[in-house]
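Given chain A, work out where chain B should sit, using these hints.
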Amino acid sequence: MAQARHTLSTAWTVARLEWQLEWRQGHQLAAVGLFAIASVYVAFQAADQRTGAAAWTAMLWLVYLFSGFTAIGRLFDRERGDVRRYLQWTTDPLGLILGKLFHSVLTTTALTAVVLGAFVLFLGWPQGMDGPGKPGILVLGAWLGGFSMTTTLVFVSAVASQVRSGSGALGAVLGLPLLLPQLILATRLTRGALMDTPWAMLVEFPLFLAAMSAGTATLACILFPYIWRA
Amino acid sequence: MNGAANWIWKGGGIALLAYVILRGFSTPLQPGLVTAKPSALETGKQTVTLKAVGQPFAGSDAALEDFSVVLRSRSQLLKTQIKAVQPHDITVEVDVPNTLPSRALDAYVFTPASGTLFLGNACFVEEAAKGDIPAGFQSERPIEKPPQLGFSFPFQPNIMESIRNLLWHVPMWFAMFFIMGLGFVASLVQLRTGSIDWDFRAEAAVRTGITFGLLGLATGSLWARWTWGAWWVSDPQLNGALITVLLYSGYLILRAAMGEDDRVGRLAAVYNVFAFVMLVILLMVLPRYTESLHPGKDGNPGFNKYDLDNSLRAVFYPAVIGWGALCYWMYTLRLRMNRVAHTLLSR
Numbered sequence: 037m038a039q040a041r042h043t044l045s046t047a048w049t050v051a052r053l054e055w056q057l058e059w060r061q062g063h064q065l066a067a068v069g070l071f072a073i074a075s076v077y078v079a080f081q082a083a084d085q086r087t088g089a090a091a092w093t094a095m096l097w098l099v100y101l102f103s104g105f106t107a108i109g110r111l112f113d114r115e116r117g118d119v120r121r122y123l124q125w126t127t128d129p130l131g132l133i134l135g136k137l138f139h140s141v142l143t144t145t146a147l148t149a150v151v152l153g154a155f156v157l158f159l160g161w162p163q164g165m166d167g168p169g170k171p172g173i174l175v176l177g178a179w180l181g182g183f184s185m186t187t188t189l190v191f192v193s194a195v196a197s198q199v200r201s202g203s204g205a206l207g208a209v210l211g212l213p214l215l216l217p218q219l220i221l222a223t224r225l226t227r228g229a230l231m232d233t234p235w236a237m238l239v240e241f242p243l244f245l246a247a248m249s250a251g252t253a254t255l256a257c258i259l260f261p262y263i264w265r266a
Numbered sequence: 136m137n138g139a140a141n142w143i144w145k146g147g148g149i150a151l152l153a154y155v156i157l158r159g160f161s162t163p164l165q166p167g168l169v170t171a172k173p174s175a176l177e178t179g180k181q182t183v184t185l186k187a188v189g190q191p192f193a194g195s196d197a198a199l200e201d202f203s204v205v206l207r208s209r210s211q212l213l214k215t216q217i218k219a220v221q222p223h224d225i226t227v228e229v230d231v232p233n234t235l236p237s238r239a240l241d242a243y244v245f246t247p248a249s250g251t252l253f254l255g256n257a258c259f260v261e262e263a264a265k266g267d268i269p270a271g272f273q274s275e276r277p278i279e280k281p282p283q284l285g286f287s288f289p290f291q292p293n294i295m296e297s298i299r300n301l302l303w304h305v306p307m308w309f310a311m312f313f314i315m316g317l318g319f320v321a322s323l324v325q326l327r328t329g330s331i332d333w334d335f336r337a338e339a340a341v342r343t344g345i346t347f348g349l350l351g352l353a354t355g356s357l358w359a360r361w362t363w364g365a366w367w368v369s370d371p372q373l374n375g376a377l378i379t380v381l382l383y384s385g386y387l388i389l390r391a392a393m394g395e396d397d398r399v400g401r402l403a404a405v406y407n408v409f410a411f412v413m414l415v416i417l418l419m420v421l422p423r424y425t426e427s428l429h430p431g432k433d434g435n436p437g438f439n440k441y442d443l444d445n446s447l448r449a450v451f452y453p454a455v456i457g458w459g460a461l462c463y464w465m466y467t468l469r470l471r472m473n474r475v476a477h478t479l480l481s482r
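Residue numbers (the numbering used here), protein chains in the order written: chain A, 37 to 266; chain B, 136 to 482.
The following block holds chain B by itself, in its conformation from the complex:
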């Protein structure tokens, strides 16, 4: 590639990443319910406050009659009386009957402009007997108003604001796969031709890939702490990711142990081919067939629900291209270093 074309993809990649970082952190999160207080209810008149995060679902001048809140027990709806609406919480009074189809109550908040917010198993009524909700306590299904939220990221329970990590963690692993795939091809060519330049390519690819693998592990660990509550858990996908990075570290150790030996290219290529096959097994095959906490598993190659949202997609795809371009740029730099070092040493 000539100079101008080079600067177009490099500049384009950096511009995309700048867009991703700005847009990823400035886009608001859609409102979603997180807790109900108190969650343990008794029968009779009770006051419950539902708390939300994300964008405010009501202005400070919100009119109470624009909102409606119902609690659901199985398929029956229990009516409530709204007492107060604040930007991030809504307080209702509910008359809990003696009989309920289920002791667990789901909460629905119907808002004028933010759509319908849902919280599963919001409250429990320990002392309620099994039975239908009496007619006087039942509610009609309120009319749903379409949300007018503008450009915003979807609310996911547990994940919440950390959904922005999707723009870092996932593209970093994609970039790692891409560059390791490149390294695999380079090693195959090296084995066919014995060319030293393809060995330089493989080495540069693996080194860059390890960097992105470490970044992927770090961002993943951060995400696990937030959503699962631990920095690291024993999970097929996580085990596979860690082992893959360890494997490729072995590649660098092997090269270092070989030193100036002129067979280093072939031996490293053999190891790299082996490592890449293991990568495919560890990250793409094994986690598919075993239970995993990690999203995108259970036989589903995509990351299921996240890619359904258009606003997220509008930032995620540029992130994939941007991180990929940065990764490839780092690879070309390392490749140049390898070539220059070789030229200097063989003078």
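Okay, chain A solo, but in the shape it has when bound:
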């Protein structure tokens, strides 16, 4: 019980510290936002305001995916060298990963708002749709997809941060195949929401996404102490 409370307080401290550093340094979050909005603008120019639901979904998730890599890929960059050695002695690894997860989920939530907002602003609703679709499910799908992406990317960047050379590229290489199943589910959900597919036909996608996120998050928490312990 005391151990659990200690872990949670560590997690809270780590998350708060990450958040404070983000705000103080500022450039990290701004870089991600800039990347996301610039990518959306490229998509907007390429689509020329005549986008069907399939192309809309494809571009949304490509922008979202690479913004996610930019935001989460450098999650363990600070914990290198002496800082890392110090933290290994003083910090509970489970608390550390939980804090990082919590912080990443917050980042992804912000990212969802930015990317989806910019998409609707620039590209508008996809062409050729009869009705307004299901905006609520679109947002839910984007957030759940992002959540799922985050839990996997936290694990991947933890692994990649252990490799001394070129960890950024390695994170992307390892992350993409791991993210494919979640992305397949999330794109189906997005397309269904845009095309106003009945909820009964979509309901399995958010359930699978939530189950997979919970699974990968649990696995990341179980395995992280092994990565962390040198």
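Hints were generated in silico from the structure; no laboratory data involved.
From the three backbone atoms N, C-alpha and C, an ideal C-beta is built for every residue, glycine too.
Please note that a few of the clues may not be correct.
Stated by the list, open to error - What follows is a list of derived Cβ distance ranges for each label pair:
#	chain 1	residue 1	chain 2	residue 2	range
1	A	Q163	B	E177	38 to 48 angstroms
2	A	M37	B	G138	55 to 65 angstroms
3	B	A391	A	G172	39 to 49 angstroms
4	A	L157	B	R327	51 to 61 angstroms
5	B	R474	A	G88	48 to 58 angstroms
6	A	D113	B	P292	51 to 61 angstroms
7	B	V415	A	L142	28 to 38 angstroms
8	B	E279	A	T254	49 to 59 angstroms
Just chain B now, with coordinates in the frame of chain A:
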């Protein structure tokens, strides 16, 4: 294991595979109907030829009266007159009435020694009105004679001769599961003990598993081209299979990126445990709950109808053991290479 025991399972595995390859390619396929020509019929007297593949269902000296052919519309039978019987096709004359319970006609060919051949929706009569078949056109149900086909593989529509791929494609995936499971256990032991030898085992298992995964993808792609008409389709099972192979390729990339780093064993083990859990989700859980073209799905863990046939089973089980043994042999070779390389490098 000592030398003699080793050679028994290795030799046994190779002997089984030789048996599987010989038997798998030499066993004839049971006859089955594939097309009716013409398939669009008009009312009145029509001549239809039913074509079959597989073993011939009639000798060249076949007597016409040993065969009977009926067309079925819903539950009513329409009689036909047999004109000619060849080893792989049978020509009948049929008087199509003006009224039929359904415009679609299924064909049944009753043979003296090859059992009853069936072709669903063989013909369509566009201009027939809805109604019963008039009494003069109806047929009695012919007497079914038990097939005497000997050792032969079952005919499945669309799959036909490609059913032999069952002896390659499926056991290759079984072998892949088996060796990846072994790698998973090795990685767990590595995480518990930190032993470098268990890391060698895990690496050897994953490398062999990827080889079998690629073979499974290649044989599956070939099968998809034949039965579904495309080399690759977007299907939960296929997506899962491809992603699994990509995931494990990531394992090798991670190892390569680590280079000489002495933490490679632990990090690779962590990744391998993660990858195996994903494998189970991708190949065993997700496809069960979503619609799939791939057989053995829809909540059924086996491959439903194929394993019901005894002749196929007599070759399929040896194939599973044979490919498994070959896979394990490849794994032991890779493991030895890993150990030798380590010994040489640490001298």
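Checked hints:
1. Distance hint check for A:Q163 and B:E177: the Cβ-Cβ separation is about 47 angstroms, which falls inside the suggested range of 38 to 48 angstroms.
2. Range check, A:M37 to B:G138: Cβ separation about 57 angstroms, and the 55 to 65 angstroms hint holds.
3. For B:A391 and A:G172, the hinted distance range of 39 to 49 angstroms is satisfied, since their beta carbons lie about 45 angstroms from each other.
4. Between A:L157 and B:R327 the beta carbons are some 53 angstroms apart, a value that agrees with the proposed interval 51 to 61 angstroms.
5. B:R474 and A:G88 have their C-beta atoms about 56 angstroms apart, which keeps the hinted 48 to 58 angstroms range intact.
6. For A:D113 and B:P292, the Cβ-Cβ distance of about 58 angstroms falls inside the hinted range of 51 to 61 angstroms, so the restraint holds.
7. Taking 28 to 38 angstroms as the suggested C-beta distance range, the pair B:V415 and A:L142 conforms, at roughly 30 angstroms.
8. Between B:E279 and A:T254 the beta carbons are some 58 angstroms apart, a value that agrees with the proposed interval 49 to 59 angstroms.
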